[in-house]
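*Asks:* Here is what each chain is made of, one letter per residue.
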Amino acid sequence: MDLSSISPTLLIASLMVAATPILLAAIGELIVEKAGVLNLGVEGMMITGAICGFAIAVETGSPVIGFIAAAAGGALLSLIFGVLTQYLLSNQVATGLALTLFGLGLSSLMGQSYVGIKPPQTNKLDIPVLSDIPVLGPILFNHDIMVYFALALVVLVWLGLNRTRAGLVLRAVGENHDAAHALGYKVIRVRLLAIMFGGACAGLGGAYLSLIRVPQWTEGMTAGAGWIALAIVVFGAWRPFRVLLGAYLFGGVTVLQLNLQAAGLAIPVEYLSMSPYLITIAVLVVMSAKRGRTSLAAPASLGRIFHASQ
Amino acid sequence: MKRRTILAGAVAALALTGTAFADGHAKTKVGFVYVGPVGDGGWTYEHDQGRLAVEAEFGDKVETVYQENVPEGADAERVITQMALQGADIIFTTSFGYMDPTNAVAAKFPDVKFEHATGYKRETPNVSTYSARFYEGRAVQGHIAGKMTKTNKIGYIASFPIPEVIRGINSAYIHAKRVNPDVEFNIVWAYTWFDPAKEADAATALIEQGADVILQHTDSTAPLAAAEKAGNVIGFGQASDMAEYKPSPRVSSIIDNWAPYYIARVKAVMDGTWESVDTWDGIAPGMVEIGEITDAVPADIKAEALAMEAAMAAGEYNPFTGPLNKQDGSVWLAEGETADDGTLAGMSFFVEGLTGDIPN
Chain R
0 MDLSSISPTL LIASLMVAAT PILLAAIGEL IVEKAGVLNL GVEGMMITGA ICGFAIAVET
60 GSPVIGFIAA AAGGALLSLI FGVLTQYLLS NQVATGLALT LFGLGLSSLM GQSYVGIKPP
120 QTNKLDIPVL SDIPVLGPIL FNHDIMVYFA LALVVLVWLG LNRTRAGLVL RAVGENHDAA
180 HALGYKVIRV RLLAIMFGGA CAGLGGAYLS LIRVPQWTEG MTAGAGWIAL AIVVFGAWRP
240 FRVLLGAYLF GGVTVLQLNL QAAGLAIPVE YLSMSPYLIT IAVLVVMSAK RGRTSLAAPA
300 SLGRIFHASQ
Chain C
0 MKRRTILAGA VAALALTGTA FADGHAKTKV GFVYVGPVGD GGWTYEHDQG RLAVEAEFGD
60 KVETVYQENV PEGADAERVI TQMALQGADI IFTTSFGYMD PTNAVAAKFP DVKFEHATGY
120 KRETPNVSTY SARFYEGRAV QGHIAGKMTK TNKIGYIASF PIPEVIRGIN SAYIHAKRVN
180 PDVEFNIVWA YTWFDPAKEA DAATALIEQG ADVILQHTDS TAPLAAAEKA GNVIGFGQAS
240 DMAEYKPSPR VSSIIDNWAP YYIARVKAVM DGTWESVDTW DGIAPGMVEI GEITDAVPAD
300 IKAEALAMEA AMAAGEYNPF TGPLNKQDGS VWLAEGETAD DGTLAGMSFF VEGLTGDIPN
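In order, the protein sequences belong to chains R and C. Be aware that the first sequence starts at 0, since it is given in numbering that gives the first Met the number 0, and climbs by one per residue. Be aware that the second sequence starts at 0, since it is given in numbering that gives the first Met the number 0, and climbs by one per residue.
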């Protein structure tokens, strides 16, 4: 065993990459849930985004167009959920689960002819001078653009939720949709937009997997990342920066356990493989237990069906 | 699509049971069970090339069916049973984990021939096993890897702790060590044959620990993609040529060539001469091929590698030739002694110098 061969700098750099897909999906779901909608279809939207982005990037040769297509694909799929739950008043839990199953099937159908193909490469940003700074350079300034995009999105979501009128309306709709409705806010429109935002973010997260992290397309490649994103939103107590922490924690342990294995640590592989899930859950449970009331931070109307007649 | 074909086939088979068997089939029906998708560019891709070769060879006289992405375990038994019910005359099950399901189904369908790849159980007379001596190819890889590494660290993405994988690790290590005494192997057990995301993560972790050569015993091209992204890291095509990563990071490859075997076995079924056999062929009969060694490898190393390949093809060299010790230091093979097939088939130990334990 040679633990000194694990470089903390590279470890942090790669945990940021490993966490990005989950972070994107989780921050999208956070907005959805803040608007009072529980969409359990994150996994389905992620994998649909993964194949939409992959297919379009391969056909056009441009990863950027691929990412846009992934966001569009995810948003489009989430719109099905939106119409079903907001206009037809179907049960959100059941519809969300169905969306996941539908997304998994749809993506493998769409992906039939894309297995084993190499996507166009997304270059790292490689900012000159800055990326050459020892330690900080590789951690902060040597990633692909989506890593920064995800971080910027967290800040924007926080600002949007807490510092803008639109964010206030969104939270009002999520806390008490009847009151928001009485005040004249369009509850259903706000929720539909939030659902589509969540879908687009999940789609981007999926495309990050298929275009940058792996990069390849295979059926079921998200392998549960969507569920992790959902869990992180809850454990992160619906707060953007805590969601960021949860995603990095999960990404970090995922990367660390592989490094420990490669370094030959004498812990059975099975324990290492389950460690990211255990540690993420444990840490976030402890955190939300301590603060008492933050554990009750769920939006009050979460998962409740709204109809203007009530 | 495939699933639908199979369902339709199962219905048809139920309807036709009796009649179809009575007329003895106009066509010989050949089934294939794959562990990954045919487009994996590796293991399953090459088996599917073998299937296509069977179709090309016999034309109208055969009908082939296949199912991809079949999980190893209970699901496999269901899929194999369905193929047998559909009226397949011979079924090739192409992954180690199909060993028990294959034997279980074979016991229920004594008239159907079963061919299981890389396993060792032949419980009924209608089961054959076949495999290739991939470790001969691993020896060539190990040699190139040992010569090419600058950090003296070689990363190895292993799939499952089964004899075939352990043989590959040992063979590669022995030959890397022979040309570079300082070489070190870092092994990651991925517990999958095909999961690009996991394979990419494993490759990245190994590269971050300083490995500049990645050997893989998993089937996707993801580790090569990770090597390409890292730059200055080389790897090898696994099971298939993986030529899209030439000339670097893919500097060579092990190619499985199943076509001649599949054609011969289907022919045997047609002629009624099929018998249960245990086939284990290597470089000499052409079941294992070494893919083009690219110019990223210096000419002298390439010449040595080709010489080793030629020696194995001529039967003059066995990769497991003593003196060799086991990991615990005990003597395995004395000077000049070569390993017998029995030991190799059940290999469950590392050779001396490898670190880490084989997981259970």
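Do not take every clue at face value.
[Claimed, not checked] So the derived label-pair ranges between C-beta atoms look like this: (1) R:Pro-267 x C:Glu-334: 19 to 27 Å; (2) C:Thr-354 x R:Ser-6: 36 to 44 Å; (3) R:Glu-269 x C:Gly-352: 24 to 32 Å; (4) C:Ala-55 x R:Asn-90: 30 to 38 Å; (5) C:Trp-279 x R:Leu-100: 20 to 28 Å; (6) C:Pro-284 x R:Ala-93: 51 to 59 Å.
[As the list claims (entries may be wrong)] Here are a few chain C residues that sit away from chain R, every Cβ distance over 10 Å (derived from the structure): (7) Glu-207; (8) Pro-246; (9) Ala-344.
[Unchecked claim] Derived pair list, reagent style DSS-like, types lysine-lysine, alpha-carbon separation capped at 27 Å: (10) C:Lys-245 x C:Lys-107; (11) R:Lys-123 x C:Lys-245; (12) C:Lys-301 x C:Lys-149; (13) C:Lys-228 x C:Lys-245; (14) C:Lys-146 x C:Lys-176; (15) C:Lys-149 x C:Lys-228; (16) C:Lys-228 x R:Lys-117; (17) R:Lys-123 x C:Lys-301; (18) C:Lys-301 x C:Lys-245; (19) C:Lys-176 x C:Lys-149; (20) C:Lys-245 x R:Lys-117; (21) C:Lys-228 x R:Lys-123; (22) C:Lys-245 x C:Lys-266.
It is worth saying that the hints were derived from the structure and are not from the lab. Just so it is clear, the structure is predicted and the values come from calculations on it, not from any experiment. Virtual Cβ for every residue (Gly too), placed ideally from N, Cα, C.
*Asks:* Looking only at beta-carbon atoms, does the pair R:Pro-267, C:Glu-334 fall within the given range of 19 to 27 Å?
*Replies:* This hint is violated: roughly 37 Å between Cβ atoms.
*Asks:* Per the hint of 20 to 28 Å, is the separation of the Cβ atoms of C:Trp-279 and R:Leu-100 within bounds?
*Replies:* violated (43 Å)
*Asks:* Is C:Lys-176 within 27 Å of C:Lys-149, Cα to Cα?
*Replies:* holds (14 Å)
*Asks:* Should the hint that C:Pro-284 and R:Ala-93 are 51 to 59 Å apart at their CB atoms be regarded as holding?
*Replies:* holds (57 Å)
*Asks:* Can the restraint linking C:Lys-228 and R:Lys-117 be considered satisfied, given a maximum Cα separation of 27 Å?
*Replies:* Holds - the C-alpha atoms of R:Lys-117 and C:Lys-228 are around 12 Å apart, at most 27 Å.
*Asks:* Regarding the pair C:Lys-301 and C:Lys-149, is the alpha-carbon distance no greater than 27 Å?
*Replies:* holds (17 Å)
*Asks:* C:Lys-245 and R:Lys-117: Cα distance at most 27 Å?
*Replies:* Holds - the C-alpha atoms of R:Lys-117 and C:Lys-245 are around 13 Å apart, at most 27 Å.
*Asks:* With 10 Å as the threshold, tell me whether C:Pro-246 passes as away from chain R on beta-carbon distances.
*Replies:* holds (15 Å)
*Asks:* Are the Cα positions of C:Lys-228 and C:Lys-245 separated by 27 Å at most?
*Replies:* This hinted pair holds, its Cα atoms lying about 14 Å apart.
*Asks:* Is the hinted pair C:Lys-228 and R:Lys-123 satisfied, with a Cα-Cα distance of at most 27 Å?
*Replies:* Judged against 27 Å, a Cα distance of about 10 Å means the pair holds.
*Asks:* Has the given pair, R:Lys-123 with C:Lys-301, been kept, meaning a C-alpha gap of at most 27 Å?
*Replies:* violated (33 Å)
*Asks:* Need the status of pair C:Lys-301, C:Lys-245: alpha-carbon distance at most 27 Å?
*Replies:* Holds, at about 15 Å.
The structure does not agree with the numbered hints 1, 2, 4, 5, 7, 10, 17, 22 stated previously, though it agrees with the rest.
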